[in-house]
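Number of protein chains: 2
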Amino acid sequence: MPEYTPAPLIKAAEQFAKLPGIGMKTAHRLAYHVLSLPQESVVEFTSAIALARESVKFCSSCQNFTETVPCPICSDTRRNSRVICVVESPRDVSVFERAGGYNGVYHVLHGLLSPMDGTTPDDIRVKELMQRLSGDIEEVIMATNPTVEGEATASYISRLVKAVGVKTTRLAYGLPAGAALEFADDVTLTKALENRNEI
Amino acid sequence: MPEYTPAPLIKAAEQFAKLPGIGMKTAHRLAYHVLSLPQESVVEFTSAIALARESVKFCSSCQNFTETVPCPICSDTRRNSRVICVVESPRDVSVFERAGGYNGVYHVLHGLLSPMDGTTPDDIRVKELMQRLSGDIEEVIMATNPTVEGEATASYISRLVKAVGVKTTRLAYGLPAGAALEFADDVTLTKALENRNEI
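Chains as they are written, first to last, in our numbering: chain Z, 102 to 300; chain W, 102 to 300.
Calculated directly from the structure, the hints in this document are not laboratory data. Note that the coordinates shown come from a computational prediction; the quantities given were computed from them, not determined experimentally. You may find that some hints are simply not true.
Copies of the same chain are indistinguishable here, so a pair counts whether it falls within one copy or spans any two.
[As the list claims (entries may be wrong)] Restricting the straight-line Cα-Cα distance to at most 30 Å, the calculated cross-link-like pairs of lysine-lysine (DSSO-like) are:
1) K112 to K126
2) K158 to K126
3) K119 to K268
4) K158 to K119
5) K158 to K112
6) K263 to K119
Let the sequences and hints guide you as you build the complete structure.
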């Protein structure tokens, strides 16, 4: 923005531009929009975000975002805690829950292995998954995205899981390859879950 | 989001969804992203936005956003304060300044007349413009977008301005009709400014 633009406005735009999928042009539009809002709306906006960051914790068991530890899914006794579905992110848990048809529990990795980005097994929640396997676990379903990183992560983790004698399966390739799990429709996702194969 | 999703996360997503051009899906992604950031980054984000809203004021003369009153453009003695370019929003000022080729001052309406949305002359800064005309003003350039609301606003204001004996011009239709001023390229914009016509 030109030099006469107020510095706090530029700073706000720069902060918006740090969000994923928001470029400089959109960030400027958002910053200008915020200035035109009533003060109360801005306070509401910033405090909702601050509160979310402060009050939401990781579940001690599945590592999903939660307000209560353990999370509502892990503490739900009607669910089968002997089947663990391993996903990349909390959003993937939402996708499975929305689709329905799955009654086990989850494990959120918070990332995928990626040698290009320098993401090693220590950067994602693999250790926490292995700790859970000391309990009475029947099956681990690898439900990472069908991308290069997703496949590599599934294959790495399945080797570790099989080594401790637990059955490992992978989502069926009903999913269109290269796509993101998040955008799959409910039928495709449920099919992929039903037709999972041992790896 | 399903009912097990932490309430503060849903609230944060709802706040993001209130921003222009951000739908519920993107809002959820942004909310999840915020939770994965370090606490300091979230504080940086929310405080930059709060600070922008608190410290940026309206220029007493041109009504543009500014930290100092009057704003740097209005207080720049090298500029011709006898020519006023009337625009819809502060972003339009940025567009003219980036294009260069204009040496007068501005007047920001902060909106356009729109009977459909119930926006009347009292809702935009028309009164403030008329007050400025009591000074030594040579020309008022109507530089609202070439849309229905933009044309209606230009025509309404130009009638008022001509009534007090000040020359009124409209940006030349070098601009592609129906487009937003913000996306015009510098050459088109400068041409439109050069070929402005008395209305």
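Next on the checklist: Let me make sure I understand: some of the numbered hints might not hold for this structure. Which ones are they, in numerical order?
Outcome noted: 3 and 6
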